[in-house]
Structures are given as C-alpha cells and as structure tokens.
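Chains X and S are the protein sequences, given in the same order. For the first sequence, the working numbering assigns the number 364 to the initial residue and increments by one for each residue that follows. For the second sequence, the working numbering assigns the number 364 to the initial residue and increments by one for each residue that follows.
The set of hints was computed from the structure by calculation and includes no laboratory data. Wrong hints could be hidden among the right ones.
Identical copies go unnamed one by one, so any copy, or any two together, can satisfy a pair.
[Unchecked claim] The calculated lysine-lysine pairs, modelled on DSS-like cross-linking and capped at a C-alpha distance of 27 Å, are: (1) 409 to 368; (2) 507 to 671; (3) 508 to 575; (4) 396 to 601; (5) 506 to 429; (6) 368 to 575; (7) 412 to 671.
There are 2 protein chains.
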Amino acid sequence: MFSKKWNPDGKHVYITGGSTGLGLSLAQLLTKKGAHVSIVARNQDKLDKALASLEELRVNPSQILKAYSHSLDTASASTEALEAACHPFEGQAPDAVVTCAGGAAPGFFVELEEKDLFNGMQNNYWVQAWTAWAAAKKMAQQKKKGSKIVLVSSTLGLMSMLGWASYAPAKHALRGLADTLHSEMMLYGVSVSIFFPPTMSTPGLDQENKTKPAIVWKIEEGDGVLLTADQAAVSLWKGIEKGDAHITADFSTSLFRASGRGAMPRNNWILDGLYDFVAYIAVPFWRAGVDNQVRGHIQEHEEYLGKKGFYA
Amino acid sequence: MFSKKWNPDGKHVYITGGSTGLGLSLAQLLTKKGAHVSIVARNQDKLDKALASLEELRVNPSQILKAYSHSLDTASASTEALEAACHPFEGQAPDAVVTCAGGAAPGFFVELEEKDLFNGMQNNYWVQAWTAWAAAKKMAQQKKKGSKIVLVSSTLGLMSMLGWASYAPAKHALRGLADTLHSEMMLYGVSVSIFFPPTMSTPGLDQENKTKPAIVWKIEEGDGVLLTADQAAVSLWKGIEKGDAHITADFSTSLFRASGRGAMPRNNWILDGLYDFVAYIAVPFWRAGVDNQVRGHIQEHEEYLGKKGFYA
C-alpha cells in the first residue's frame, strides 16, 4: 500500500481549515499538482479570497475547485459539510481528507475557566475528529480502497510544557485517534496519517499570541526562525505522498516523533534510530533548561497571581 | 523534590473512582500506611462497602476515612466534591489527589455514534481533568508545596490499535494534560504524575468486554495473565512514592513508556535506555503481527458489516 508514491492528479482532496494558514497552503500546492480541491471553513470572505487564489493556480480546465462555508462543530455538521463537497463527484467520498482546522489559546491552568478547557478540546480535537468520523464511514461504506485520512496535530501532540493545558491534551487526543485509525482503517484499505507541525508564522499564531503568558514566550524564544505555512505544507505533502504514519516538518519535532513513536511504524529505520539516539541524549538537557526557566519564574508568577487576587 | 520517598502517614489522599477496581485497591493500600483517605464515586452501595473495607484496615484511631457520593462530570461538580472532602481538614487541599475514575467501551469507529465518542471523552478525560483542575487551583491558592496530582491513563495512552477510538484519544489527552502540568505545576511546587496501567481484571473490564469486537479480543489474547487491581495499585504506589513522572506496572507498557517518553524525565537512565532499545527492535515485530491479524480479518469484517446493513 505504501510502496509507491501517491499522485494527486485528478484526485479529490477535501481540506478543512482550508481558507487560511497551513490548510490554504496545502490546497494551493495540491491545486498546482492537478487535484480537485474542496476547502471548508466558516468565514465566507476568507473562503472567497482563498478560492480565487486556487483558481489562479489551476493547471487544467477540468479541475473542480470549490469552497464551502460550514460549521464542523458536531458529527452531523461535519457530515453535512463532507456530503456537500462530495456532491460534484456523484456522492463519491474524497480520495483524501485533510483536517487542518484548529487554533490555540495558551494560558495558566489555574486561571483557565471550564469554557476555556472545553473550547480547547472542541476546536482542536472534535472539529477534526468529526470530519475523520464522517470520512471514515463514507470511505468504508463505499469501499474506497487506497483513500487517505490525514489529521493535523502539533509538536504539542508529542510533548508538552506549561501554558498548553487547553491545547496539548486535544493534540495528544488526535494522535491517539490517528494511531487507532491507522490500525483500524486497514480493515477498509484506507491509510491514516497525522502531521505534527511546529509553531508556524500564520494568522493562527497571531491569535494564539494574544493569550500567551510571558514565560511561555520566553521558552519559545529558543525555537529560532518559524516555518511559514507554505514550508510546512511542503513537508505535510511529502509525508502524505510517502504514506508516513507520523509526519513532521522540523528537526526538533522529528526528535520527539522518533523518541515518542509508541507503536507506530518508523518513517526511516536508520534516520529514526539516529533521531531517537540524539533525543535520548539531548532532550533531557532541553527539559532541564525549560524546568530551570519555570523554577526561576516562581517568584514573579506569585506576584502576578497575587495582583490578580488569586490568593484572596 | 524527588530525592526522598514520599511518606503518606498522616497525609490526606483524595481518590476518585475509589469505590472499586484500582481506586479501591490504592485506597486500601494507603489506609494500611496510615493515610487519611477520601474516596469519591457515584454509587452509594459500593461506596459503603468500600468504606467498610477501609475501616477494617485502619492502623490508628485518628485516621479520617470518608466516602463521598458525587458526580465529577463538570468543573463545578468536581470542585464541590473536592471541597466536601477538604471540609474535615479545615478546608486544606489534600496532600495527594489520584484520579482513577473512568471506563472503556470499545467498538468499531464506523459503528460508533456521536454520543459514544463524546461519552468516551467525558468518562475518560473530563472526569479526571476537572478534578485535576479543581485540585491544581486549590493547591496553588493555598501554596501547598510538596503536594501531588496523579492522573490515571492506560497503556492505550501511549499507543493504540483498532477498536479504541472512543477511549485511546481520551487516555492520550490525559497524558498531554499530565505532561503540561508536570512542567506548569513546578510554579507551585506541586508534582504531577501519570499512571499507564495495562488491562486489569476488574469490574471495569467486565463492563468493557460487553462491547469489545471479536478481533480486539483475539489480539488481546497475546497479553497473557492480567494484573489484578491490587498488583497495579502496588506499582502505582511505588511510582508515587518515588515521584516518577510516568508510572507503569508491566513490561509491555514499560517498553511503550520508554520508547514514547516525549520530553518527560526517565524513571531510570539505564533501564529506560534498555527498554527503549528493546522496543526499537521488538515493537515493529509486535505491530507487524497485529497488522497481519487486522488484514486477515478484512473479509470477515465485510461480511459482519454487510449483515448489519452498513453498505445498504
């Protein structure tokens, strides 16, 4: 199943969160490769602009390029959105479904409210899980062997640290779902992958930075230059093309992938062994550095909470 | 913080899911070690029996042993339950909070309904997350340095396979929460651990077996003799005593822990390196065996779905 590269020419790819950031970059890349592309998101203005950008990249007149404004919040809403996108294809399930919808809102756990934690799971797990569920059912019912489901997690789906209590659990949950489906969808000849992108310079990052605590900023400073959405989309595409179970786009996340693979197949026996070895030596130093930063922040944090009336 | 062993004598330990299975076994073990123990669950009959069993194990007359029938379904319900248990201690947060509540309902992803997936997350993530949230806030507010939060995941929080789409994501999410809080609760001197028990012979297993697909049974047959709840509780206790970030009770899960540690501290540099090496060689063989079982089940599965009208 994974021995030859997947060719998207003439295939239908369905992308959630496709109006912006990574989803849009992937949609553009696949349009250039001759795929039929359906993008789904909420905001009609952004969808219009995104669709116009796809039209400019069209490589042949028969390509079907469509944008759908739809909620993906529930199983039925996600099913409706998928059905709408399958309509121009006589109801056939897409050849590939890629779920890019999501967005982080970091903060201190003790300051988060019930709704913050709940929304984190909603926006970063369920909106992807419901699409995966609708697509899996449709692909199994139609016996669409060779089709693909690709979820999008984050580096924070493989590891975590302070500030991400409303985000990392959802991204870990997606990994649990992908690893389950990687095994289960073999029953239908459907392959399942998951992408763990690092922080990208996208509109989503600007949103996330609005609630990011200063200490989390400080720890992230060490991450260096951020990937663009276009760069991340190239890595995602290469992983899909090869059929890797776990896909990464940068060196740090590759270390966490290789040293956090659980039971998943390796992408490359030799390289992943090397990554695992490097991680075995290097990650404890990285963690010790972060732990020291956190411990060094204790007094400032107490003052911060005190000012906000936390101890009152 | 982790250099000396934790002594529960005279400490208050709060255990959710404490009326049965692992939670009850841990409550009994800690009662024998002189801890004040509060157990929380729903069913009053089971709580009464559990509390009676704790009373029999009491080692001194001043031990406070209590049982609380309470829902843990929401942030406010979990906060109320915790507050009730803190009342005999003049409102002081417990010295340790261990969240054992949960239960699995395996099934095929394409046959699960929205509510099945939703309930899986509710019963296996949120009931633990809300208790962790309530406890974290209280410990931080009262500056209870040295206190502990221990979440209970599963082997299926480190890896997964077919049948567990309503369970593995929630157990992975707990791991994401624990790894976040392991870093974040350093700000308050609170240590956070997570336990990954294998399948145990508990009342929860009888419940889970009611919906377990035959192919999942077949794959599990290779697991050998199951741990009892008492055996698992001993491993959990040893991990808490040592302050391990990730706690396991059996060899297989230790392999997945060592080869799936992400950024977490190792329990033992040499042993975990060895586990990681064994996992690097052995896990691909294990996975290949499971994959073959799944692929060998394709025809039978199609017949099964056909009979249930799945393709109609």
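Numbers of unmet hints, in rising order: 1, 6, 7
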